[in-house]
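Chains as they are written, first to last, in the numbering used here: chain X, 1118 to 1716; chain F, -11 to 603.
Note that these hints are calculated values from the structure, not bench results. The structure displayed is predicted, hence computed values, not measured ones. Where hints are given, some of them may not hold.
Under 10 Å between C-beta atoms, here's a sample of chain F residues computed to sit facing chain X [to be verified]:
id, residue
1, A43
2, I82
3, F97
4, Q101
5, T196
6, P245
7, L280
8, Y427
9, T582
Cβ atoms here follow ideal geometry from the backbone N, Cα and C, with glycine treated the same way.
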Amino acid sequence: MKDSDFIIISKLSKGFIKFFYISAAATIVKVAASFAVPQVIRFTVDHVIDDVPLNYAKPVMNIIDAVGGVEFLKENLWLLAFLVLVLALITGVSDYIGRITVAKGTEGIIKSIRDKLFEHIQKLPYSWHIKNQTGDIIQRSTSDVEVVRNFLSTQLVEMFRTIMLVVISLVLMFSMNFKLTLAVLIFIPIVVLYSTIFYGILAKKFLAADEAEGQLFTTIQENLTGVRVVRAFGREKYEIEKFSQRNITFSDLWVKLGYQLGYYWGLGDLVTGLLLMAIVVYGSYFTVNGVITLGEFLAFASYTGMIAWPLRSFGRILSEFSKTKVSLKRICEIIREPEEFESPDACTPDIYKDIEFKNVTFKYEGDIPVLNNVSFKIKAGTTFAILGGTGSGKTTLMHLLNRLYDLPGDTGSITIGGVDIKNIKREHLRKNIGMVLQEPFLFSRTIKDNIKIAWPEASIDEIKGAASIARVDESIEEFSKGYDTIVGERGVTLSGGQKQRVAIARMLLQNTPVMVFDDSLSAVDADTDAKIRSSLKRRKGYSTTILISHRITTLMESDTILVLDKGKVSDIGTHEELINRDGIYKDIFNVQMNLSEDL
Amino acid sequence: MNYYEEESYSSFNIKPWLKLSRFFKPYRRKIIGLVLFMFLTASMDLSIPLFQKYAVDNFIVRDTLEGINGFIALYIGALVTMALSVTIFARLAIEVEMHIGKDLRKEIFEHLQNLSLSYYNTTPVGYILARTLSDTNRIGAMIAWGLVDVFWSLAYVIGAFIAMFMLNSRLALVVGMVIPIMALITVYFQNKILSASRKLRKVNSKMTGSFNEGITGAKTSKTLVIEDKNLFEFKDLSSEMKFTAVRLARLNALYIPIIIFFGSVLTALVLARGGRLAMEQIIQIGTLSAFLSYAVNIFEPIQQLARTLAEVISLQANIERVTDLLDQEPLIKDSEDVVKIYGDNINPKKENWEEIKGEIEFKNVTFKYPDGDEEVLKNFNLHIPAGTNIAIVGETGAGKSTLVNLACRFFEPTGGQILIDGKDYRERSQLWLHSNIGYVLQSPHLFSGTIKENIRYGKLDATDEDIIKAAKIVSVDIIINKLENGYNSNVGEGGDRLSTGEKQLISIARAILADPKIFVLDEATSSVDTNTERLIQKGIEYLLKGRTSFIIAHRLSTVKKADIILVVNDGKIIERGTHKGLIAKRGHYYNLYTKQFEEEKTLELFGEIPSANKD
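Just chain X, same shape as in the assembly (with noise of 0.2 Å):
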């Protein structure tokens, strides 16, 4: 059974949720402290500077008798003003200590998510990575767990100091009178459900709003990136009119969203404004009446002054709340696929050896075979080359020897020294086989950090003799920063050739036993394409080369060529066997050995 949202996040949190137990605790002292200053207030203007005579519970008299009494106090006010500055202090304190531990644990959570999420994106299967887009995968990434740090650090936090207040005030306020406390009561339904109500239309227009801001970025963006069509074709004056037309409609949405916000503030103000004056008067006549001291009209109206604001407040929290739940849901959605399957009893022997391809048949997500039926052997320490055109399946047969997909149960089998390969550690396996991809990718670091990325030890002498090899130690070094260039997003661009040839380069770093270059010299002129590969040949018999490419030239001196066309074996052999009988191999050596002949 897969794991439930509220399991993974308990998991990612683990370590953490003590940091919020510490939090609470700080806040439950903070607030009684804060709440203590009216209390002493309420005390030294009534029994201090007014005359009303003591009525308390016998400790509390026993405390005031062991300072010297109302009478000592009256003489040493100060006291009580320290009092008061001593429990600001509390406050201060449990403040910071409820702060700083909720941003610790806080930042703990978010950090195991986000690196939970990095490591399980990189483990899973490469067919996943081909399904999902990225900009969603990155907006979940970045986004959503922003959302979630930002209710966890500042929503989570507010909603229990809320409750806490309005409880500790509650309970104090009854002790006081039960009557005037009711008349607060009344209140709080009434600006929890007048602010949850509200926030629920502001949500609405705020969707509308984003959408809108959507649009108008959309628009310059895509005005932006499209520029030259848009000067091509004079478009400049639409440009600007359709640009306009999206600038009123979005700041438009924002002033009715202001309008909105407008309301809810009045109407909130005058509510809360009210709660305030009912206590007043009420308190007042019951003053008047001698139902409560003048010290407790006070502290009255303090507490409910305390309560009005952070109520308000309780619906926006509500909404952010369920903001989070849409978001944690996004962030376990990709947690919950399932990584790359290895099998427990995966085993790492020798790469160095023969590789077979028997009857593999495979297709992706579709219904028409990729492969059909391929059977071929690959000896040791060979070169063999592949010949295909686009489409032909070359690429999958990468894809299938490198386990980037794995071969369904009964559709035929790759075996490396008659081991299948699906009980080879996929690590072991990949690291065994180096292989330049057609597209390659580069990393936005420096170019010897690039080359070197994946034998992090090699030496610089080493890194160069490896560029010397793929032919781009030239252009490197042609660069002002020569090895420490940066490339990719933040750097210097290079071109499709130099960037297959640094490819090369760092694949020749690995010093694996089989090497594959997959198409990965179409981007280099045929000198160039050459001279790699005689600085290749003085590698035989030490690895397993596999060539794929559809230029004969490069293809000619392998040890054996195979011939894919549509997903079947057309025809395999040497070049010599294969010019000497009939196929699309002598053809196109013909085409490509006699092309005077059409120009």
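Knowing the structure of chain X, use the given hints to seat chain F on it.
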């Protein structure tokens, strides 16, 4: 000079603010109204504690409820006034915010439409987007709400002091002592908090980049087995993020209790001093309770004031970013004389536009890219009679688009002249030329909206029939009709609901509709399915017929048919001639051609239509 010193030494600079002031002017009445209602709100805020004081002094102490009805009426009146004034100032504030933002965005966007292409070549889209959206939003918001916060706090603090002084000046002085300390603490922390949050944003954007790389580079990471290494590096980043976030939280956690503490010092002082005064009957108990209420409530506005001021100062960075963009001068500008006759980009005077024939002549053209240091063209001469097809070939990154950029006047020659129909093109308006050019890009660019809207982009006043006619010429009509909403189907953001081939076909239909005299084609390199490829070829052939055209070519069939072939290497034109002549020369063209030929022929033998090589 003193003037310069001021600029470099003071962190606050009034100049960018002045530059922006014209955006505030149209709303000055609203801004003044906003400030007035702010004061009204603040004074209502201040008057509420007075009601309590009144109740204590006149009802409780006197032990009577006489006049309580009038009191209630007045109280409610004050509350309603307050609610109304809050509602009104909120309306004014949001209007000021959004309108200033809107005007700024409009100005920037219009300005962007006039900036030269070289600006776009050197400025990342994200950079411009941030200025057009985030900065303008922040400026609008800060002007409106910053004003609200500053004036509200200021009004509250001043009002509270006036009230306190009126109640009792000695006690008011006691309260006044604490204020400067609180303001100083706030400014100190606010600066630290601002810089810490800036750092946090920086780390955050690095982390987004890291996620992006982890996702787009997943295949490579798997084949290299560096998942663990990536994770290890990511954990460094997420730890840094955690550390920075906790540091920021710690600053806040320190700041707030310190402020609370100083607020309590106020309360304690008022209690000790005021209590004494009350006992000595110098002040009334109600006065003391009102005082206590001011003392408790005054520190929120003081914090607010200091915080807002710090934010307003940091707004300067946003303002500078916006004014920098607005100060960018377009490199290519029509001269005043030209504008007088032909109009500008926004208000063209089409009645004065001459019919174009499409004859182009490069006369002693010398050219250097604004950000380059080498002259890529030197005394280049080329006469292109109307209707000639020019193919430009060369490897990726060889500089094939230079000639196109010049012919389209996306860039102007640094020396020499380009004549169109025998007249220097600088003597006519850019829009005149651009309205006569059709353009099909390598990676077709569509705009969000329907297919119909996208095709109509070529000719804004085209009828639906015209659009369908153009679509029929490239046979994309059949594909479109198969879609659920036909021509009204939404193409998605950047056209991403369509396949690459479909996008190409639509962009060709768009160019056909424009019926340009000059046509530029940047041939696609990505392979599409056989059938679509055939349709694309057909559409392009239609476009080439009888038009002066520049083709940045990748397919041999297109190149072979061209009237003139230009071979580009390292930014320079190294060979020119016809296909036959260039082959015979056995030079650069020959090498390029044979490599291309090999690949196309091979693919053909595998039963595929030749498509261009992939990079």
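We went through each hint and held it up to the structure:
no. : hint : verdict
1   : A43  : holds, 5 Å
2   : I82  : holds, 2 Å
3   : F97  : holds, 5 Å
4   : Q101 : holds, 4 Å
5   : T196 : holds, 5 Å
6   : P245 : holds, 3 Å
7   : L280 : holds, 6 Å
8   : Y427 : holds, 4 Å
9   : T582 : holds, 5 Å
Of the hints listed earlier, there is not a single one the structure fails to meet.
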